[in-house]
Every structure is written in C-alpha cells, then in structure tokens.
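First to last, the protein sequences are chains S and H. First residue of the first sequence? That's 1 in UniProt numbering, and the numbers climb one at a time after it. First residue of the second sequence? That's 1 in UniProt numbering, and the numbers climb one at a time after it.
Derived by calculation from the structure, the hints in this document are not laboratory data. A virtual CB, placed ideally from N, CA and C, is assigned to each residue, including glycine. Misleading hints may appear alongside valid ones.
[Said to hold, decoys possible] Simulated DEER-style distance windows between Cβ atoms:
id, chain 1, residue 1, chain 2, residue 2, range
1, H, Glu164, S, Ala286, 34 to 42 Å
2, H, Arg207, S, Gly52, 25 to 33 Å
3, H, Asn205, S, Gly220, 30 to 38 Å
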Amino acid sequence: MTSILRRKLDAGNFVVTAEVCPPKGCDCGEFREKSHALGKIVDAVNVTDNQGANVRISPLAPAALLLRDGIEPIMQLTCRDRNRLALQSELMAAAALGVTNVLALTGDHISFGDHPGGKPVFDLESVQLLQTIAALNSGRDLSGARLHGSTSFYAGAAAAPAAEPFEITLPKLAKKVAAGAGFFQTQAIFSPDCLARFAEAVHPLGAKVIVGILLLKSAGMARYVTNRVPGLKVPVDLIHELEDADHPLDTGVAIARRLVAAARPYCDGVHIMALGKEELIPDILAGLARDDDHD
Amino acid sequence: MIVSKQKPFTEILATLEPVSRIFLIGCAKCATVCKSGGEEQLWQMQEDLTAAGKEVTGSLVIDEACHMLRVQRDLRSKGEQVKNAEALLVLACGAGVQSVSTASDRLTVAGLDTLFLGNIRRFGQFEQRCSLCGHCILNETGGICPVTICPKGLLNGPCGGMDEGKCEVNPEAECAWCQIYQRLHDRGEQAPLSAANPPRDFSRNLRPGSLKLEK
Ligand code: SF4
Ligand code: SF4
Numbered sequence: 001m002t003s004i005l006r007r008k009l010d011a012g013n014f015v016v017t018a019e020v021c022p023p024k025g026c027d028c029g030e031f032r033e034k035s036h037a038l039g040k041i042v043d044a045v046n047v048t049d050n051q052g053a054n055v056r057i058s059p060l061a062p063a064a065l066l067l068r069d070g071i072e073p074i075m076q077l078t079c080r081d082r083n084r085l086a087l088q089s090e091l092m093a094a095a096a097l098g099v100t101n102v103l104a105l106t107g108d109h110i111s112f113g114d115h116p117g118g119k120p121v122f123d124l125e126s127v128q129l130l131q132t133i134a135a136l137n138s139g140r141d142l143s144g145a146r147l148h149g150s151t152s153f154y155a156g157a158a159a160a161p162a163a164e165p166f167e168i169t170l171p172k173l174a175k176k177v178a179a180g181a182g183f184f185q186t187q188a189i190f191s192p193d194c195l196a197r198f199a200e201a202v203h204p205l206g207a208k209v210i211v212g213i214l215l216l217k218s219a220g221m222a223r224y225v226t227n228r229v230p231g232l233k234v235p236v237d238l239i240h241e242l243e244d245a246d247h248p249l250d251t252g253v254a255i256a257r258r259l260v261a262a263a264r265p266y267c268d269g270v271h272i273m274a275l276g277k278e279e280l281i282p283d284i285l286a287g288l289a290r291d292d293d294h295d
Numbered sequence: 001m002i003v004s005k006q007k008p009f010t011e012i013l014a015t016l017e018p019v020s021r022i023f024l025i026g027c028a029k030c031a032t033v034c035k036s037g038g039e040e041q042l043w044q045m046q047e048d049l050t051a052a053g054k055e056v057t058g059s060l061v062i063d064e065a066c067h068m069l070r071v072q073r074d075l076r077s078k079g080e081q082v083k084n085a086e087a088l089l090v091l092a093c094g095a096g097v098q099s100v101s102t103a104s105d106r107l108t109v110a111g112l113d114t115l116f117l118g119n120i121r122r123f124g125q126f127e128q129r130c131s132l133c134g135h136c137i138l139n140e141t142g143g144i145c146p147v148t149i150c151p152k153g154l155l156n157g158p159c160g161g162m163d164e165g166k167c168e169v170n171p172e173a174e175c176a177w178c179q180i181y182q183r184l185h186d187r188g189e190q191a192p193l194s195a196a197n198p199p200r201d202f203s204r205n206l207r208p209g210s211l212k213l214e215k
C-alpha cells in the first residue's frame, strides 16, 4: 500500500492536514464523526498519540478505523511510552492494517500529563525512530533480522521553526531527513519571517514542509498559548488585533487565512490546528489556490 | 558521591513501631557530607527516638558503609550494643544498608532515601551529572552528559520543547543540547554531532552490575 499523501506531495500538490485527538476510552464514535467531517476538507488526518502525555486509546485503532472510513491517517508515534520492541511491533501492526503515514515523535515529557508518576521510556528518540522505520521499510528489524513482509511507510517528523536558538535545532532536522523523514509537520507559526528562515534552512535538505497553522480563538487563548506552550509565541500585534475585535473568532479565522497565504510560497502544505472548530477550516482555506484533485 | 536524604521521621518511626531497642549506624563518607547520616544526624536521631520512647543501645559511624568487610568488622567491635538491639537503623545509602543487612541477622531499617550520584556545587548543594549508564559518551558531547542532563536522555539534539535555550521540563534549567552545542561551538568543534547517534546499547548497563578487577 502506498501513501496518497506522498503521491500528492511528490506531484507538487499543496496538501492540507489536520489532527484529531483519539478518545480516552474505547468509544470512537465521536472521533469518527469529527474525522469524517474533516476528511472531506483535508488530505490526511493526524491521529495523535497520548497527546500531552495523557492516556488515550493507542493511535493504531483509530487510524485503522479512519482507513475503513476512506480517510487517510497520519499515525503519530511517540518514543515516550514504548521501548524499541514495542515501537517496532506497533509499526508492523499499523502496516498490516494499512496505515501508510507515520509521524515519528520523541513525545512530550511524562511529567506534563495525567500519569506523572509513570516511567518515561525514551529507549529511542525521534531520529532513531525514523531509522527504525527505515529499517522496517527495508524488510529488516533494528537487530538486522529479516522480516516476514516489509513495511512501506511514508515517514514524517516534527519541527519547531520558532524555537530559539534556531541554529542548534538545524543539525537535528538534517539528521531526521537523513534518517528518512520525507516531510515535516511544524509547530504553529505566527510570523512569516520565522517561516522564511525555516524554509530557507530546510528546503535544501529535500523534505516537504507542512506548516502548522493554529486557529486563535480569542486574545485570552493567544496569551495562554504564549505563556504556557513551549516554543509558541503569538506576536503582540496579533493579540491586540484579537483584543480589539468585535468577533474574535472571525478575526482568528482571518489571521489564520493570512498566515496560510503567507506560508503558501514557502511550503508544500499546511497543518491546521482548529482545536474543536474544525468546521471553520474551509473558511481558513478560502482563497487558497489548490491545484489538487480534491473532492 | 552518593546523595541521600533522611526519610521523614514519622515514616522511620512507623517502620520501627514493633521494636523498642535500636542501634544506630551512620556513614563517614557520603551520608556525612549530605548531612543525612553523619555524627550529628546520629545524635539528633538518638534524641528524637528517645523522645519517642525508644531505647538507643549505641551508635556507630562506619568509615565507608558500602565496604562490606569493614561493616562486618565494625559491627563485631560493638558486639554487646548490637546484640541488645532489636533493630539496626542505618543512616547510609542503600548500598550501606545492604552491607549491614548482609552482616547481621537483626532487623535492618533504612533511614534514608538514596537519590543519585551527585556533584557538589557548593556545600549543601548537589547536582546529578552522571547516571552511571555504562557507556560514557562525554567525549562526543563536549564533556556534557545528555543522558543525565536532558530529562529525556536524548542523543541527537534538542527536542521540540526547547525554548529560548531552556528545557521544556524545567524552564529554569538550560537545555542540555544548548549547552553541548555552545561548548562545541566555543571550541570550534561540531563534526562529532553531525552524524546520528544510533540507539544506545542498554545491555552495557544491565543490573545488577558487577566488576572484578584482573590481578
Ligand atoms: S554518558 Fe553520562 S551517564 Fe553515561 S557514564 Fe558518561 S557521564 Fe555518566
Ligand atoms: S529541552 Fe533539551 S534538555 Fe529538555 S528535554 Fe528537550 S532536549 Fe532534553
């Protein structure tokens, strides 16, 4: 099975992705409804993995359910919760069920989540997980043993374009590409300058760049994100714009639309984080010239 | 050295609940420096236990409580006091406690929590720099240990949570990888970090460790 996401990116199409958080529990009804609505708008749906170190259903099952519904998943996989045996067996299981895209993540530290007393694993980290995926794709496991049927994942990695000092994040991005990352999905970006700097540094590496766009729903949320989420800083002028707005959500959509337009020349797609307002994604994308075969 | 800290007195007292006569053991090395099991803490413990209605039959600060033969010998020298006690309360690291429990048939009670192998920043301030991983990579990382200083033990550069050079887990602390790049940059080195570090070989750190020097 081959990744449609990869086919589109390779063909030069501008892609749109979004993420849905799987349920805490085994009832995937709401997850499927949400994803179904999203599936009509986006090219692929990210299924997060114990996001923020909070326990949820393993992304494997929801990703397989998406496939059943005709939606292409990007299965996120973190190193925080599994050692190299568990990671490999999870990947093989995903491949058997038809999952083709994997986003290889180190994972937030366990101290942030709902089980801070648990033992963080970090047997591997993102670069090594990408190496592992490459090994499985070549038909061998990490120890070199031959597999009964190889995987054929399209592997991606995360990037934090606004992290400072930027120079020290670069060698790791290069390592990720060398280890097999075909695309980056970035953290939310608010400044076109920062995006330009990132694109300039990453394009020579040869990976596709899908830029993170966060829908700011209010000035309060923008401030919260700035103060609480590492690596995210909403510029003050955007916060003021939201403060002065009569309808902050509309303004948030307008800001997101501007950011998408600013990102367009630098990237191969956008990853929209609408945080429950997924129905607004078409508005955010309005005006964007997309050259793909979306239906 | 091994950094340790006394367990809360109420917890120690609860463990000692079934006994009334206790012999105290401290350690003259690490536990003394950490003020968790030196001469002074032994006196204090004796006072507190007495106030709580216990009888302290005697006490002993062993030169290195991790030295099993020495512990055996020193305990023997305190024969009567040890024999009179129903329990030995050990204010030494976990290794010291086990030297004692190996050397004696008395109930052995650990009075400390053993924390980490620590460097001494200044008196009373200890920092973990090495986690005894069994395969030292300091030569490749500018002499700064990411296995220990990065809470995720990352080997290939900073995680996505690094912000303004600070660590996502503790914003007070500098990201280990920022320190490493800065140090290497100052020295004009960079090359060793351009290739990806492979997964670590944890079999080099299997527990329990043991080492026998060749004659
Ligand atoms: S790499 Fe770090 S933890 Fe391992 S031996 Fe060296 S200093 Fe200690
Ligand atoms: S910020 Fe740096 S030190 Fe902290 S967890 Fe991430 S890589 Fe490790």
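These are the hints, each one checked on the structure:
1. H:Glu164 <-> S:Ala286: 34 to 42 Å: The hinted range 34 to 42 Å holds for Glu164 of chain H and Ala286 of chain S, with Cβ atoms some 35 Å apart.
2. H:Arg207 <-> S:Gly52: 25 to 33 Å: 31 Å, holds
3. H:Asn205 <-> S:Gly220: 30 to 38 Å: 47 Å, violated
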